[in-house]
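Colleague: Listed below are the residues making up each chain.
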Amino acid sequence: MNIQFRESQEAASPLISKTAIADCDIHPARATRTELYPYLAKRWQHHLEVYGVHAYQGMMEGPPYPKAQPNASRRDAYPPEGGPQGSSLSFMQKQLLDPNNVQLGVLNPLNTGQGIRNHDLSAALCSAVNDWQIDKWTSKDKRLKASIVVGNEDGLSAAAEIRERAGDKNFVQVLLLSRNVEPLGQRRYWPIYQAAEEAGLPVGVHAFGFGGNPITPSGWPSYYIEEMVGHSQCQQSALASLVLEGVFERFPKLKMVMIEAGFGWAPSLAWRLDKVWQRLRSEVPHVKRPPSEYIREQVWWTTQPMEDPESREDLFDVIKWIGWDRLLFATDYPHWDYDEPSRVLPAGVSEANREAFYLGNARALYGIN
Amino acid sequence: MASLIAGGVDCDVHPAVPHLTSLLPYLNDYWRDQVTTRGMVDLVSQSYPKNSPIVARPDWRPENGKPGESLADMQRHVLDPFQLKHAICNPLYGVQMVFSEDMQTAFCRALNEWLAKEWLDRDSRLRGSIVIPTQTVEKSVVEIERCAQDKRFVQVLMLVMGDTPLGKRALWPIYEAAERLDLPIGIHAGSAYHNPPTAVGWGSYHIEDYAGQAQAFQTQLTSLIVEGVFAKYPRLKMVMLESGVSWLSPYLWRLHKFWRGVRMETPWVDRAPLEIVRSNIRFSLQPFDAPPDEATLIRLFDHMQSDQLVLFSTDYPHWQFDGQDALPAGLTPDLVRKIMIDNPHATYPRLT
Chain A
69 MNIQFRESQE AASPLISKTA IADCDIHPAR ATRTELYPYL AKRWQHHLEV YGVHAYQGMM
129 EGPPYPKAQP NASRRDAYPP EGGPQGSSLS FMQKQLLDPN NVQLGVLNPL NTGQGIRNHD
189 LSAALCSAVN DWQIDKWTSK DKRLKASIVV GNEDGLSAAA EIRERAGDKN FVQVLLLSRN
249 VEPLGQRRYW PIYQAAEEAG LPVGVHAFGF GGNPITPSGW PSYYIEEMVG HSQCQQSALA
309 SLVLEGVFER FPKLKMVMIE AGFGWAPSLA WRLDKVWQRL RSEVPHVKRP PSEYIREQVW
369 WTTQPMEDPE SREDLFDVIK WIGWDRLLFA TDYPHWDYDE PSRVLPAGVS EANREAFYLG
429 NARALYGIN
Chain B
237 MASLIAGGVD CDVHPAVPHL TSLLPYLNDY WRDQVTTRGM VDLVSQSYPK NSPIVARPDW
297 RPENGKPGES LADMQRHVLD PFQLKHAICN PLYGVQMVFS EDMQTAFCRA LNEWLAKEWL
357 DRDSRLRGSI VIPTQTVEKS VVEIERCAQD KRFVQVLMLV MGDTPLGKRA LWPIYEAAER
417 LDLPIGIHAG SAYHNPPTAV GWGSYHIEDY AGQAQAFQTQ LTSLIVEGVF AKYPRLKMVM
477 LESGVSWLSP YLWRLHKFWR GVRMETPWVD RAPLEIVRSN IRFSLQPFDA PPDEATLIRL
537 FDHMQSDQLV LFSTDYPHWQ FDGQDALPAG LTPDLVRKIM IDNPHATYPR LT
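Protein chains in written order, with my numbering: chain A, 69 to 437; chain B, 237 to 588.
Simulated from the structure, these hints should not be mistaken for lab results. Fair warning: there could be bad hints in the mix.
Distance ranges between label pairs, derived from CB positions [said to hold, decoys possible]:
| id | chain 1 | residue 1 | chain 2 | residue 2 | range |
| --- | --- | --- | --- | --- | --- |
| 1 | A | Arg231 | B | Asp543 | 53 to 59 Å |
| 2 | B | Arg496 | A | Asp236 | 39 to 45 Å |
| 3 | B | Asp269 | A | Arg357 | 26 to 32 Å |
| 4 | A | Lys237 | B | Arg496 | 36 to 42 Å |
The C-beta atom is built at its ideal place from N, Cα and C for all residues, glycine as well.
The following block holds chain B by itself, in its conformation from the complex (with noise of 0.2 Å):
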């Protein structure tokens, strides 16, 4: 494994919220109420089940309550062994699933309120995604205004599947914000469940629904460029969370191959897709979806043509790798560097 380095930057740790009833605090009367007479449950996704082996690495899995919602484990486990100079919270809160836009509204509201209290607040390494109801483009915009005054806030998260694909036009006035207010869009492994979760159907089981965010998020990337929204929001930068990077140059190549093709259909793209992607695009590195050998690693670089599009990331608390090879072996140290501190860098301009 290749030797970490002191002052990096995580670009994907999960803070949990320990059950709906911890947003109480956060909601209005209104909506206090609505959840405790309406007797609602805890908003857990299905793309995370809790027991579920991938969701926690055994030594970093609590002896009670939800990996990831214990602010001193997570320091013990990641920010201190790693040296970590900031790590980026991205809760995985089920808020998505929701279908009332103003539940989801406040829900969002109370969820990003809760992260700054909670955890922000109490180590300053961390920094935050302002998690948006994506059922009302326009109070997402809003949740979105009000997190950035906020300078900890440093991305808007969305998920690869939701209602629909994210370069649709509907969409874009979130993109402007996110790009008026210097935050990179993160776009981060799961389903709202509004759509089976494969593109032919509903499969039987969590490791295919996991398998297949892969494919989810080589979907959205053909929409978001084919839509032209780098064409529009040419500063806007988004981040593939917890996407897996060994498929990224094969999907390329065939998107490049169609679009020379038939680009007359989307004649606003007016960019190669790999030109878009090494301008605009990030990934972050865990789960590093490639065998363990070095010459492999080596050759898939290579195949990327860029040493600037992997942020590093320990996906914590989910069983991406053990101890704390983090980093797969073959990776030299500049290239450490970029992945570390270089490239989180020039992604987040917030981080500072």
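The following block holds chain A by itself, in its conformation from the complex (with noise of 0.2 Å):
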């Protein structure tokens, strides 16, 4: 949280500045509402005056559930030059990438193509920022990879989308959301799945997103602290139809991220699962085996918001039944909720497991030296 962070800034940066990191979960912006234009056909910039992006919700411009803060960010995010928080690479680098030594920074780019009704329109979106995401910041800073972007609802032109870009050095996965029409293990999503195995790249699923379903099983609720909340509930939903549909059975290479939705709740999601896969094992036969080896040996998870127990041998037991070497570091920079670096794991860790947590986990999974 930004309060805490300028509280700790002065004091912590001389520890910090020793420790290389990775950043598993950064939200690049643009500067203008027309920065996509570029890269965009003539077509699509004028559907995108005239219509809107048509999205799974009802608001033309922003969320339903207003967030905490502008564009859910740090208020000491606006870069000097103008324009919203995340949008400018220099700002970025002097605040966090040089300051906390961040060796690899993963971009997760956000409003893009995703949860968009005109699946046409959702496809060349995707397309446009994973072209931007080059042009305006890996090309200009090799620590940062992007993130490649997909029409989430039309499996086949994703995949597409995913074979394009295979083998560029730009990106180190594709990135979906929780959130979508149906749960992400739905066949209409496979060949997202399909093309990512092929290409070797890891399938990142960041909290958020619009499908048109209510946040909660009951309905629509009322605040935002709701919705926040909420995401860890759709992770979880998400990851069960995941192991349930047999995704991970039937792509035994695809590695899987979980962004952006705590970690703290995958020990009992995997223990209740396995629990009744014992009972219920006959409705699934393509689940040949039991869910928490699936999500033991093809799921990781970023730790931005960490769980923040009030004992740190509570949060030690979660980190230990989840695995040492499942965790990525995140910061989730811009946004308001931002975990500050040389804050969030408390003492008493082994040097070994502190230098995956930071940097080793990615480096591995990203293919990254």
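Reassemble the complex: the two chains are provided individually, in unrelated frames, and hints are given to aid placement.
Modeller: Here's what the structure looks like:
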């Protein structure tokens, strides 16, 4: 959170400058409303001006649950040259990458072509965002790597976009959001997993998105905090769907990253799935092994927002149950619920686990030396 | 496994309505006629398909009829062998799926009368939950007040997946009546299927619906806490039934963190979510969703930082454990006593 960050910045800087880290969840923003237009056909520029994006939610601008801060971002992250938080590479370097010694920064653009009802527009916008990530970010700072965003509701066009980008070292993963028209294990999304597995790219599933479903199984709640907390339940349901539809069984080399949805819930979900699978496996014969095994072998987790139990031993229990080799440090820059690198991990962690948590796991997963 | 003790309270057993026609004696002429003239079929929720393995333990499954429809079986399977002082009956008949508020009101009233006559009257150990027609808050309150005159009804029963999040203000008259009449609100697994059963849409499988109950409970706890239900009704207890418990602590760590960050949005939430749960929310024991090893269990109870949260349940006739192994290994005798006796009595004031 930004207030804590400002309080701690001076004291923490000398320490953190020594430790190299990977930041596996950075959100690059557009400086202007039309910054993507050079990458879009005239037809789509016109369409956006006349009809807007026509998402799976009602607001022409902004989210239905107003955020806690403008753009859900830190007030100290506005670039000096203007534009919204996260829209300036030079300021991102100055505020995030340099002082925190970020060796690898994974870009996860959020306002892309995902969650849009017109699937042709969705594909065009995603492709434009992918070009823009190279031009504006990864070609200008080698520490940054991009995520291939894809038109999520049209599996075939999404797979085509992945194949188009496969082998391009600017990209280290495919990016989906957790909330879609259907749970992520459904067959309409399988071409995405097939293409990602073929390309050797992990699929990141970031919290958020729109698919038209209420964000609770009992309808729409009232508050932003319910949406925020609810992203973890959405992620749990999406992961359960991936396991129970047999996605991991069908695509055994597929790696998935759960991004910005917490990780504390992972052991409980895996235990519960194992227990009900023991009883009900005759319904899902394509799930051949206990669900926890697929999760342990094929799923990674970014850390922010870290769960904050009163006792650090509680946190260590949960990490031990998940595996120290499966967590990827992330700040969520420039969002307001940013996790400060020097503060998230309590004392009492071995040097090897600390290194894996901050850098080693990410390097291994994303194939970056 | 930890040793059971006599005199416990089983907070979640499920007597089954044999068929919709079983309710005909408890319906008025109009509704009796509607049921027969329109050829209405049995109201079985797909949350609990009769032949699903999880819906009845093999040795608790009757040769004919629905699991849980025979009092003699329930006595033989749980009331006697577990030496229970009380068992709280939570009927899972599919009345919540009905959309008409009039029809739902008639069916709920019939269901409650059926429970009193055919179960509570026939075994003095049994207690009941009041099933309410949530399509209409006004008639739900009327039904609560009507049934509450019978002291054997000890709680109000709602499904974890209904039409709206349970904290919504429109539902508060239900909570006002429950608090006033010393009735906890029991929130049980299951969906009215008026919304997709997950927050990311319709899954393909029964197993997905069942596993997903845990996520539904999490979203309901958030709603109940942040809408301010327990600031308004501080004496109200809510019991999460067939919810699982191992998700609770990590869920609360997250809720607590965000509440600290954005509490300006819900300034009426006057206590930390952790404190609200400790004072107002309880959980039934089964299904206990943790691995069967003592070390993990001990850590999970440590994470909860309270020995008052869990209430004994067998979830009869659902298949959550075998034999008499309702208590997971690692519980101390002191904790067993709390779970089986002290905590249920502290939660249900009418349980005498």
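Colleague: Next, verify each hint and record whether it holds.
Modeller: These are the hints, each one checked on the structure:
1. A:Arg231 to B:Asp543: 53 to 59 Å: Given range 53 to 59 Å: holds, Cβ gap about 56 Å.
2. B:Arg496 to A:Asp236: 39 to 45 Å: Check passed, 41 Å falls within 39 to 45 Å.
3. B:Asp269 to A:Arg357: 26 to 32 Å: violated, 54 Å
4. A:Lys237 to B:Arg496: 36 to 42 Å: Between Lys237 (chain A) and Arg496 (chain B), where Cβ atoms are some 41 Å apart, the hint holds.
The structure is inconsistent with hint 3 alone, although it conforms to all the rest.
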